[in-house]
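> Going down the list, the protein sequences come from chains A and B. 1 is the number of the first residue of the first sequence in this note's numbering; add one for each residue after it. 1 is the number of the first residue of the second sequence in this note's numbering; add one for each residue after it.
Worth flagging that the hints you see were computed from the coordinates, not collected in a lab. Keep in mind that a hint or two might mislead.
[Said to hold, decoys possible] Covered stretches of chain A (chain B as the covering partner; in silico rule of three or more C-beta atoms under 8 Å from a C-beta of chain B): (1) 32-38; (2) 51-57.
[What the hints assert, rightly or not] Computed from the model, here is a short list of chain B residues facing chain A with C-beta under 8 Å: (3) MET100; (4) ALA144; (5) PHE146; (6) LEU285; (7) GLY288.
[As the list claims (entries may be wrong)] From the structure, some residues in chain A lie toward chain B, with a derived Cβ separation under 8 Å: (8) PRO2; (9) ASP3; (10) ALA7; (11) CYS44; (12) SER45; (13) ALA73; (14) ASP74; (15) SER100; (16) LEU106; (17) LEU108.
Backbone N, C-alpha and C define an ideal beta-carbon position, used for all residues, glycine too.
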Amino acid sequence: MPDPVVAPVNEGMWRAAADGRLDVQRCSGCGAHRYPPTDGCYRCSCLEWEWSTLPGTGTVYTYTWIPDTTRTADLGREVRYNVAIVTLDGTEGEPVRVLSNVVDALELGDLDVGQAVEPAFIPFGTNLALPCFRRRL
Amino acid sequence: MAEFQRDAACIVGIGHSAYGSRGSLADLGLSRLALDAVHDACRDAGLDVRDVDGFTGYCDDPTWPAELAVSLGTSEFRYSGLVWGGRGSGLPGAVTNAYMAVASGLANHVVIVRSLIQKVRLGQSVGAGVQPGDPIPLSVSYTAPFGMALPAAIYALKAQRHMALYGTTPDHLAEITINARRNAVNNPDARFRTEITVEDHHASRLVADPLRLLDCCMESDGAAALIVTTPERAADLRQPPVYISAVSMTGEYKWGTASFNTVDEDFVSTGHRRAARDLYDRAGLGPGDVDVALFYDAFTPSVIMSLEDWGFCGIGEGGPFVAEGRIRREGSVPVNPHGGNLAEVYLQGITHLLEGVRQLRGTSCNQVDGAAVALYGSGVGASPGGGVLLRSST
């Protein structure tokens, strides 16, 4: 998978993930959390924001399984990976959802809408990581 | 807002190039395909191609309007407009541009054109026009690194939640393609003219669970065009005009590039409930007036959610609605009688508008008796999308 573009609007999040924290933007004007990173606040249009650390736990909102063609060819059996949208706990404003992976869910049937998850961080680059999740069993 | 001036423009000509499989028409080039479609549309209208004086397109179409104008012999080039944003959902925006240009007196005959050669495989995109292996832009940095690599996955995520909330099933999804293929049997221009069964659908390979190959449209090459003018000018042309009653290019609240942070009630939808409200208000029509629905069907969940968004059934009821045969050409709301993106050709919706015109002229291969009003609704993926309501002049 391609690495994300590191930019002022998202670098703090990748760095926090490398330190084991899930940070998202929080509006300096009204306090609403938001994701993915944007320049302005959907609620009050304020352009000032800061990073805010969330618990990192959440709930699977929806998901899909996609065939992993490269690994399927290597292993000689069909391998799939999931893409899941997770609603984060502890946010202010409209629900905040992160598109990510539930890294310990490996087979069809390992995921359902409503599954509780906790953070898991997958490193990339230097001192950067992607915010991912694992199931809370 | 000021009151919308409805029925101020009409479609007087439709045309298309040859259709082919992905890349098969690449040697001709985008401009030649577009010119074939424009010539065909002008022949249909009874209009000299040199009298086209405006051009409008969508989906960041790289076809160059000045090049078209030179090859058409356009002496008066009065209008050019490409929709800003919207990608494949942007067709209603292109209709809006044509509508505004002729209704306001900026141009006389505006052509809406889409020319597509899938050397860049849109179905493999990791973001708007971004191919696997390309450096990714910032806008897809919150999706592509997680393997969110296919347009099909956008619909899969919505379909999975639709199933969890409302009990929608793979059989319901299959019915969308079964209907499209069944209609295409009678369409000599369609590329996929063999019928399929529920079993064929379920046996096709997984693309993005719950979507299988037979939930996905084809990849194809071709071009199509429509000529838009005023009702007054239409009187001098060959075809009975089809009125554009209203247009909306209403975007979805909190939907950037596949951002998935729309409000909860909008998530399991095509994002067009506001577009539907605007469109029906402007036309003075409602879903009960619609005789034929043309829905963007790049993937099957689009049709189920469109039926809900545009008011043909309650939210969450799209699955049982299609299971009852309601979208078949004999049903209460015939959907895509030409076969749509799933079976006729994939030119990002423009051929749906051609079918709307044929239905309202009474010349479709699967004619709906007495069709007087046709609706076009865009799909999911980019904003703004929107809709178009067409009305017959008879």
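> Honestly, which of those hints from before does the structure not fit?
Numbers 2, 3, 6, 7, 11, 12, 13, 14, 16 - these are the hints that the structure violates, sorted from lowest upward.
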